[in-house]
Amino acid sequence: MISALFIYDNKGDILVSKLYKEGVKRNISDVFRIQVITLTNSQSKSSASTSNNYNKSPVLTLGSTSFIYIKSNKLWICAVTRSNQDCSVVFEFLYKLESLLKVVLFGNSSFKLNDEALINNFVTVNELLDEVIEFGYPTSLDLANLKQNVTTSPESTFNLKLPSLTKRKSSALSIPTVSTRSKVTWRDDTIKYRRNEIFLNVDEKLNILMNTDGQILRAYIDGTINMKTHLTGMPNCKFGFGDNSILLNSFNEDKYDEDSNGNSVILEDSKFHQCVELTKFDQDRSIHFIPPDGEFQLMNYHCRSNINLPFQVYPQITEIGNSKLNYKIRVKSLYSSKLPATNLVLKIPVPSGVINSNITNSSGKSKLSLEDNLIIWKFNKYFGEQEHILTAEIELPSSSSSLFNWVKPPITLDFKIEMFSSSGLTVKFLKVQEKANYKTVKWVKYCTQAGSYEVRF
Amino acid sequence: MSDGKLFVKSKSSEIKVELDQALKKSKPHAKVKIVLKKLVANVILNNTEIVNLLPDIIKLLKFDDLEIRKLSSHFIISYAPQNPTLAKEAVPYYKRFLEDASPNLRSLSIRTLSTVPIKEYQDVAFGAVTHLLDDNDINVKKTAIYSVSRLFQHNPHKATKLNLIGSLNELLYDHHQVIVSNTLAALNSITENNKELSLTIDKAHSMALISHLTVANEWCQVYILNSLMSYVPQTSDEALELIEACLPSLQHENSSVVLNAIKVIIYFCNYVKNPQLVIPTLPNRLGGSLVSLLAKPSEIQFLVLRNIILLLLGRKNLLNLEVEMFFCKYDDPIYVKDTKLEIIYLLANAHNIHAVIRELEEYATEVDVSMARKAIRAFGNLAVKLSGAAEQCVEVLCDLVGNGIPYIVQESTTYPGRFEFAVESLLEQYTLIDEPDAKTSFIWIVGQYCNDHERSLKILDDLSTNFKEEPVEVQYSLLTAVTKLYLKYPTGGEALMLKVLKWATEEVDNPDIRDRAYIYWRLLSSGSGSNGDFQEESKQIILNPNPSISSENDNIDPKILEELELNIGSLASIYLKPVQHVFRLSKRKVLVPSPALQPRPIQASVSEEDDVIDNNSHTPVIAPRVSNSNHTAATRNPSTLSSRNSIISGQKSFDSASSGTDDKREGFTKRLSRRASLITNKLSKT
Numbered sequence: 000m001i002s003a004l005f006i007y008d009n010k011g012d013i014l015v016s017k018l019y020k021e022g023v024k025r026n027i028s029d030v031f032r033i034q035v036i037t038l039t040n041s042q043s044k045s046s047a048s049t050s051n052n053y054n055k056s057p058v059l060t061l062g063s064t065s066f067i068y069i070k071s072n073k074l075w076i077c078a079v080t081r082s083n084q085d086c087s088v089v090f091e092f093l094y095k096l097e098s099l100l101k102v103v104l105f106g107n108s109s110f111k112l113n114d115e116a117l118i119n120n121f122v123t124v125n126e127l128l129d130e131v132i133e134f135g136y137p138t139s140l141d142l143a144n145l146k147q148n149v150t151t152s153p154e155s156t157f158n159l160k161l162p163s164l165t166k167r168k169s170s171a172l173s174i175p176t177v178s179t180r181s182k183v184t185w186r187d188d189t190i191k192y193r194r195n196e197i198f199l200n201v202d203e204k205l206n207i208l209m210n211t212d213g214q215i216l217r218a219y220i221d222g223t224i225n226m227k228t229h230l231t232g233m234p235n236c237k238f239g240f241g242d243n244s245i246l247l248n249s250f251n252e253d254k255y256d257e258d259s260n261g262n263s264v265i266l267e268d269s270k271f272h273q274c275v276e277l278t279k280f281d282q283d284r285s286i287h288f289i290p291p292d293g294e295f296q297l298m299n300y301h302c303r304s305n306i307n308l309p310f311q312v313y314p315q316i317t318e319i320g321n322s323k324l325n326y327k328i329r330v331k332s333l334y335s336s337k338l339p340a341t342n343l344v345l346k347i348p349v350p351s352g353v354i355n356s357n358i359t360n361s362s363g364k365s366k367l368s369l370e371d372n373l374i375i376w377k378f379n380k381y382f383g384e385q386e387h388i389l390t391a392e393i394e395l396p397s398s399s400s401s402l403f404n405w406v407k408p409p410i411t412l413d414f415k416i417e418m419f420s421s422s423g424l425t426v427k428f429l430k431v432q433e434k435a436n437y438k439t440v441k442w443v444k445y446c447t448q449a450g451s452y453e454v455r456f
Numbered sequence: 000m001s002d003g004k005l006f007v008k009s010k011s012s013e014i015k016v017e018l019d020q021a022l023k024k025s026k027p028h029a030k031v032k033i034v035l036k037k038l039v040a041n042v043i044l045n046n047t048e049i050v051n052l053l054p055d056i057i058k059l060l061k062f063d064d065l066e067i068r069k070l071s072s073h074f075i076i077s078y079a080p081q082n083p084t085l086a087k088e089a090v091p092y093y094k095r096f097l098e099d100a101s102p103n104l105r106s107l108s109i110r111t112l113s114t115v116p117i118k119e120y121q122d123v124a125f126g127a128v129t130h131l132l133d134d135n136d137i138n139v140k141k142t143a144i145y146s147v148s149r150l151f152q153h154n155p156h157k158a159t160k161l162n163l164i165g166s167l168n169e170l171l172y173d174h175h176q177v178i179v180s181n182t183l184a185a186l187n188s189i190t191e192n193n194k195e196l197s198l199t200i201d202k203a204h205s206m207a208l209i210s211h212l213t214v215a216n217e218w219c220q221v222y223i224l225n226s227l228m229s230y231v232p233q234t235s236d237e238a239l240e241l242i243e244a245c246l247p248s249l250q251h252e253n254s255s256v257v258l259n260a261i262k263v264i265i266y267f268c269n270y271v272k273n274p275q276l277v278i279p280t281l282p283n284r285l286g287g288s289l290v291s292l293l294a295k296p297s298e299i300q301f302l303v304l305r306n307i308i309l310l311l312l313g314r315k316n317l318l319n320l321e322v323e324m325f326f327c328k329y330d331d332p333i334y335v336k337d338t339k340l341e342i343i344y345l346l347a348n349a350h351n352i353h354a355v356i357r358e359l360e361e362y363a364t365e366v367d368v369s370m371a372r373k374a375i376r377a378f379g380n381l382a383v384k385l386s387g388a389a390e391q392c393v394e395v396l397c398d399l400v401g402n403g404i405p406y407i408v409q410e411s412t413t414y415p416g417r418f419e420f421a422v423e424s425l426l427e428q429y430t431l432i433d434e435p436d437a438k439t440s441f442i443w444i445v446g447q448y449c450n451d452h453e454r455s456l457k458i459l460d461d462l463s464t465n466f467k468e469e470p471v472e473v474q475y476s477l478l479t480a481v482t483k484l485y486l487k488y489p490t491g492g493e494a495l496m497l498k499v500l501k502w503a504t505e506e507v508d509n510p511d512i513r514d515r516a517y518i519y520w521r522l523l524s525s526g527s528g529s530n531g532d533f534q535e536e537s538k539q540i541i542l543n544p545n546p547s548i549s550s551e552n553d554n555i556d557p558k559i560l561e562e563l564e565l566n567i568g569s570l571a572s573i574y575l576k577p578v579q580h581v582f583r584l585s586k587r588k589v590l591v592p593s594p595a596l597q598p599r600p601i602q603a604s605v606s607e608e609d610d611v612i613d614n615n616s617h618t619p620v621i622a623p624r625v626s627n628s629n630h631t632a633a634t635r636n637p638s639t640l641s642s643r644n645s646i647i648s649g650q651k652s653f654d655s656a657s658s659g660t661d662d663k664r665e666g667f668t669k670r671l672s673r674r675a676s677l678i679t680n681k682l683s684k685t
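Going down the list, the sequences are from chains A and B. Heads up, the first sequence is in numbering that gives the first Met the number 0, so the first residue is 0 and it goes up one at a time. Heads up, the second sequence is in numbering that gives the first Met the number 0, so the first residue is 0 and it goes up one at a time.
You may find that some hints are simply not true.
With a straight-line Cα cutoff of 27 angstroms, these simulated BS3-like cross-link-like pairs (lysine-lysine) come out [unchecked claim]:
{"id": "1", "chain 1": "A", "residue 1": "Lys24", "chain 2": "B", "residue 2": "Lys8"}
{"id": "2", "chain 1": "A", "residue 1": "Lys146", "chain 2": "B", "residue 2": "Lys576"}
{"id": "3", "chain 1": "A", "residue 1": "Lys204", "chain 2": "B", "residue 2": "Lys58"}
{"id": "4", "chain 1": "B", "residue 1": "Lys4", "chain 2": "A", "residue 2": "Lys10"}
{"id": "5", "chain 1": "A", "residue 1": "Lys323", "chain 2": "A", "residue 2": "Lys366"}
{"id": "6", "chain 1": "B", "residue 1": "Lys36", "chain 2": "A", "residue 2": "Lys95"}
{"id": "7", "chain 1": "A", "residue 1": "Lys24", "chain 2": "B", "residue 2": "Lys24"}
{"id": "8", "chain 1": "B", "residue 1": "Lys328", "chain 2": "A", "residue 2": "Lys327"}
{"id": "9", "chain 1": "A", "residue 1": "Lys111", "chain 2": "B", "residue 2": "Lys36"}
{"id": "10", "chain 1": "A", "residue 1": "Lys346", "chain 2": "B", "residue 2": "Lys328"}
{"id": "11", "chain 1": "A", "residue 1": "Lys377", "chain 2": "B", "residue 2": "Lys328"}
{"id": "12", "chain 1": "B", "residue 1": "Lys328", "chain 2": "A", "residue 2": "Lys70"}
{"id": "13", "chain 1": "A", "residue 1": "Lys95", "chain 2": "B", "residue 2": "Lys58"}
{"id": "14", "chain 1": "B", "residue 1": "Lys36", "chain 2": "A", "residue 2": "Lys101"}
{"id": "15", "chain 1": "B", "residue 1": "Lys36", "chain 2": "A", "residue 2": "Lys10"}
{"id": "16", "chain 1": "A", "residue 1": "Lys73", "chain 2": "B", "residue 2": "Lys61"}
{"id": "17", "chain 1": "B", "residue 1": "Lys328", "chain 2": "A", "residue 2": "Lys366"}
{"id": "18", "chain 1": "B", "residue 1": "Lys4", "chain 2": "A", "residue 2": "Lys146"}
{"id": "19", "chain 1": "B", "residue 1": "Lys61", "chain 2": "B", "residue 2": "Lys10"}
{"id": "20", "chain 1": "B", "residue 1": "Lys202", "chain 2": "B", "residue 2": "Lys157"}
{"id": "21", "chain 1": "A", "residue 1": "Lys10", "chain 2": "B", "residue 2": "Lys8"}
{"id": "22", "chain 1": "B", "residue 1": "Lys26", "chain 2": "A", "residue 2": "Lys24"}
{"id": "23", "chain 1": "A", "residue 1": "Lys55", "chain 2": "B", "residue 2": "Lys576"}
{"id": "24", "chain 1": "B", "residue 1": "Lys157", "chain 2": "A", "residue 2": "Lys70"}
In case anyone wonders, no lab produced these hints; they're calculated from the structure. Here the structure is a predicted model, which means the values were calculated and not measured.
Based on the provided sequences and hints, a complete structural model is requested.
See the structure below:
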């Protein structure tokens with residue numbers, strides 16, 4: 000499977016180097032540095048266009064050696080394999096490793112990896128990499144399992160160790176490891192909390208593509224249900240959606256047709272965390288699971304019908320002669336007037352080489368960024384059922400051909416609305432059963448964010 | 000405390016001093032650890048000089064501290080091979096650890112012993128590993144399992160003699176799924192490098208393995224699913240049962256679980272007649288699960304998209320996809336966009352052509368020039384694939400040409416033969432063309448297609464005014480174009496032709512241009528009037544028919560597709576090339592015949608919906624696999640296929656179809672693998 004694993008910083012210096020199998024030498028890391036990192040760096044320097052960075056396919060095969068890599072922030076994480084290996088396992092592993100490192104180094108997967116954190120914890124990272132892979136095969140990236148086996152502790156406040164392991168004397172440690180005691184590897188049955196809590200977040204990313212008339216060309220939601228559990232023992236959880244929700248896996252087509260005109264929420268292609276019992280779901284659509292401790296993503300889904308659209312944008316852009324452009328952009332919010340969207344940002348492209356501009360808007364802040372060739376229109380808060388207008392006059396040098404060559408990238412929107420689910424999804428119940436029969440405090444939060452929200456003009 | 004400042008290259012002499020000082024203290028643990036951490040940094044930084052410290056580090060194993068022992072072992076594993084004689088000193092320690100009460104230490108010991116490629120280490124490992132496979136701690140057992148693979152890698156002969164495979168086989172019946180799945184992974188690593196061994200499992204066991212899926216972690220699920228590829232269903236019902244058992248895994252969040260489940264399902268579909276009719280939801284579920292993986296990061300999307308192409312080429316009816324899901328996002332990386340474009344092309348049919356054309360039109364005006372060019376190319380291909388849509392495609396192209404964006408004009412012109420009626424709109428835009436490439440193609444078009452001779456004369460006349468200043472390639476094409484024009488239109492074209500030839504022969508410095516001009520001149524002057532027909536020979540030489548255009552992907556041989564389908568999700572699936580072409584040494588995977596094995600459904604060409612692709616045209620049309628795919632191909636026809644249903648003769652015809660020369664070797668390996676599977680079978684009965 001994986002013969003070696005390297006992590007490089009932006010310049011191509013080695014931060015992590017691990018060999019798992021015979022067949023490659025440590026200095027094979029140079030090949031990747033020269034063939035990919037140096038090349039990419041020189042390319043992005045020589046041409047300003049950002050697209051060049053993406054030019055390369057994420058797999059490089061030379062002879063029978065392949066380099067499979069991802070970029071995390073500014074770091075390169077690269078796995079080396081020999082012969083025809085399962086690429087899906089490698090990619091999936093690299094991404095899971097990335098988020099594991101974030102959790103271990105920062106205590107939370109929303110941080111970005113950087114070289115400093117890796118260097119400051121290189122011993123832990125090195126040991127971690129010994130535990131997650133055996134002979135090139137990923138075995139387990141579950142924290143519960145790692146806590147048992149990793150002896151060094153990272154610098155961060157996050158504590159990787161269980162109390163029992165702080166005694167370093169190795170011979171005193173004759174207690175069997177987690178997986179020996181329980182059948183599931185992602186949870187340790189000795190976990191105890193004084194206050195049992197469970198946090199559930201419904202996070203939706205809305206992807207919209209509209210044309211000038213406000214007509215929707217493509218609309219779908221990438222939704223995730225994220226959980227944070229502080230629960231004692233081995234709880235059995237069951238989870239259910241509101242009655243109007245239909246979990247669909249292109250499974251029962253007839254039902255789909257009946258309801259598609261109503262207000263039902265249709266979740267397609269749901270994918271579940273490894274702890275969910277998929278056979279039970281397959282039988283009766285119920286979601287049963289024994290959660291891992293701490294944060295995890297319970298499921299993700301797609302939704303393509305009955306989407307609640309939060310914003311409508313009507314762009315009007317007229318060319319006056321060869322060197323002038325008039326913009327009139329109308330934004331209308333369609334959600335309840337009590338809810339605010341936060342950090343609404345509209346990015347309105349302009350041709351390059353603007354020499355004069357005059358922008359006015361009915362609310363918010365706007366400015367022209369000549370670097371990115373964009374008008375940026377910002378609102379800290381934008382309540383529902385409102386409408387605002389931005390007008391702008393842009394002047395270009397009369398001799399330039401930039402208007403002629405302008406390709407009109409779409410207007411993009413970015414925003415976040417809490418307590419709003421654009422799919423209309425509701426969580427109906429979340430049951431926790433454990434032999435200790437304790438009470439659990441449950442928190443549910445909804446949030447909709449812009450994924451790629453684009454308006455063509 | 001941060002370890003960051005320890006991450007530097009050091010000299011072994013400095014570290015030695017530091018270590019000696021640390022050891023003098025009454026409680027040396029903390030200091031020793033710091034030294035060891037420095038060593039870890041030097042291993043990462045590939046500083047080979049510190050190998051000198053090997054004897055000192057081995058002595059540190061005596062500390063009763065797991066962290067020290069782990070760090071020391073890390074050093075020993077990395078540097079022992081460079082000094083085997085010294086490294087031997089560590090063996091007694093590890094021997095002792097094997098008996099230790101701490102499971103962590105037992106794991107550490109067997110891992111180190113089996114990894115270091117020195118005889119003394121290996122000997123101890125061989126002696127102990129069977130015992131540790133029965134350890135009561137799961138983690139120790141797991142490490143021991145992989146240690147067997149390591150030992151196999153180092154010394155397959157001895158490993159076979161000690162029947163370590165047998166011991167692993169027994170673990171396949173362990174009650175704990177972690178053990179079972181990791182054993183499968185270990186066996187996989189052994190068999191993939193060993194031509195003589197292969198894994199076989201029986202029906203009951205495969206069902207037992209599937210039952211482990213519910214509690215197994217994501218990686219274990221992958222190993223279990225992958226192992227199902229080793230079961231050859233004997234009846235269609237068995238295959239169906241297994242397909243259904245794998246369906247829940249399509250719901251998994253981990254893309255490798257999903258892709259492996261799809262691989263297994265597609266594999267078992269070979270043993271069911273018309274699986275999409277037996278399980279009507281199958282195409283929707285497969286399609287849906289693939290599409291939902293497009294929410295993953297780009298790299299994973301890319302892999303998934305490549306596999307979608309593979310399935311569209313060979314298993315279109317098992318996959319239900321909507322083309323809209325593959326429309327590009329503005330910020331998709333180029334490799335994703337490219338692949339999506341190919342899928343859009345493959346999915347385009349009479350029903351969705353409008354949406355597709357609208358979308359492609361959008362791409363054609365995109366920022367990224369190469370993307371725009373590809374989109375325009377796709378128009379050309381679509382026009383050919385769906386004859387009904389050709390007109391529409393060309394219309395859009397004409398519109399685009401009308402916009403006058405140079406690269407669009409240029410790219411469009413590379414598809415001449417198909418757009419004869421687009422020439423008109425091109426002609427209107429010719430003043431815009433300034434890139435030499437575009438000029439060249441444009442001039443070529445004028446010479447080749449323009450039937451309005453007066454007009455082309457004027458255009459060529461215009462374009463040739465600067466003849467002497469033009470780049471070489473434009474000069475070439477002008478030369479040819481005026482000659483062509485003269486051949487078609489002798490009265491009007493003569494003056495221009497003479498003018499250009501004169502320039503070329505007398506005033507241009509480039510000898511190649513001059514030579515070509517002379518050739519034309521001589522050809523024309525010798526050809527005239529020899530047998531009545533005007534310039535018959537010159538016409539034959541100069542006015543040649545169009546070159547053909549074809550696309551690479553559509554022509555993949557079914558046999559290659561079949562093997563790629565057994566490798567879904569692997570690296571080869573990215574390249575969509577025969578596995579052995581990319582990875583010479585990889586072990587070949589074949590569909591094993593059984594009474595249930597179905598002939599491969601002959602997939603109608605990608606363009607099944609339209610009745611045809613213009614038979615008259617010379618341009619051999621992209622696509623249909625019916626075409627002259629390639630010589631090694633041995634396109635499979637139904638009759639050879641059905642013969643595969645009877646086991647014995649079927650096997651033979653299968654082999655000979657692949658390639659005659661390989662016959663002998665293949666037969667040999669097959670015999671060997673059969674023997675190996677006998678062993679596995681026997682054990683599985685116990």
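Checked hints:
The hinted pair formed by Lys24 (chain A) and Lys8 (chain B) meets the criterion: a straight-line CA distance of about 19 angstroms does not exceed 27 angstroms. For a cut-off of 27 angstroms, the pair hint linking Lys146 (chain A) to Lys576 (chain B) is broken: about 43 angstroms separates their Cα positions. With a C-alpha separation of about 57 angstroms, the suggested pairing of Lys204 (chain A) with Lys58 (chain B) is violated against the 27 angstroms cut-off. Simply put, Lys4 (chain B) and Lys10 (chain A) have alpha-carbon atoms about 19 angstroms apart, close enough for the 27 angstroms limit, and the pair holds.
Taking the CA atoms of Lys323 (chain A) and Lys366 (chain A), the gap is near 18 angstroms; set against the 27 angstroms cutoff, the hint holds. Taking the CA atoms of Lys36 (chain B) and Lys95 (chain A), the gap is about 26 angstroms. The hint holds against a cut of 27 angstroms. The straight-line distance between the Cα atoms of Lys24 (chain A) and Lys24 (chain B) is roughly 38 angstroms, outside the 27 angstroms bound, and the hint therefore fails. Taking the CA atoms of Lys328 (chain B) and Lys327 (chain A), the gap is near 25 angstroms; set against the 27 angstroms cutoff, the hint holds.
Proximity of Lys111 (chain A) to Lys36 (chain B) is assessed by CA-CA distance (about 25 angstroms); at most 27 angstroms being required, the pair is judged to hold. About 16 angstroms separates the Cα atoms of Lys346 (chain A) and Lys328 (chain B), which keeps this hinted pair within 27 angstroms; it holds. Pair hint Lys377 (chain A) plus Lys328 (chain B) holds up; C-alpha atoms about 23 angstroms apart against a cutoff of 27 angstroms. For the suggested pair Lys328 (chain B) and Lys70 (chain A), the alpha carbons sit about 20 angstroms apart, so the restraint of at most 27 angstroms is met.
Note on Lys95 (chain A) and Lys58 (chain B): the hinted pairing is violated, with a Cα-Cα distance of about 37 angstroms set against a maximum of 27 angstroms. For a cut-off of 27 angstroms, the pair hint linking Lys36 (chain B) to Lys101 (chain A) stands: about 21 angstroms separates their Cα positions. The hinted pair formed by Lys36 (chain B) and Lys10 (chain A) meets the criterion: a straight-line CA distance of about 24 angstroms does not exceed 27 angstroms. Of the pairs offered as hints, the one joining Lys73 (chain A) and Lys61 (chain B) is violated, with about 41 angstroms between alpha carbons and a cut-off of 27 angstroms exceeded.
Distance check on the hinted pair: Lys328 (chain B) and Lys366 (chain A) sit about 26 angstroms apart at the alpha-carbon level, within 27 angstroms; holds. Of the pairs offered as hints, the one joining Lys4 (chain B) and Lys146 (chain A) holds, with about 25 angstroms between alpha carbons and a cut-off of 27 angstroms not exceeded. About 24 angstroms separates the Cα atoms of Lys61 (chain B) and Lys10 (chain B), which keeps this hinted pair within 27 angstroms; it holds. Straight-line distance between C-alpha atoms of Lys202 (chain B) and Lys157 (chain B) comes to about 31 angstroms, which puts the hinted pair past the 27 angstroms bound.
At roughly 18 angstroms between alpha-carbon atoms, Lys10 (chain A) and Lys8 (chain B) fall within 27 angstroms of each other, so this suggested pair holds. For the proposed pair Lys26 (chain B) and Lys24 (chain A), the alpha carbon gap of about 38 angstroms is over 27 angstroms, so the pair is violated. Distance check on the hinted pair: Lys55 (chain A) and Lys576 (chain B) sit about 19 angstroms apart at the alpha-carbon level, within 27 angstroms; holds. A threshold of 27 angstroms between alpha carbons decides the hint, and for Lys157 (chain B) with Lys70 (chain A) the separation of about 42 angstroms lies outside it, so the pair is violated.
In terms of the numbered hints stated before, the structure departs from hints 2, 3, 7, 13, 16, 20, 22, 24, listed from lowest to highest.
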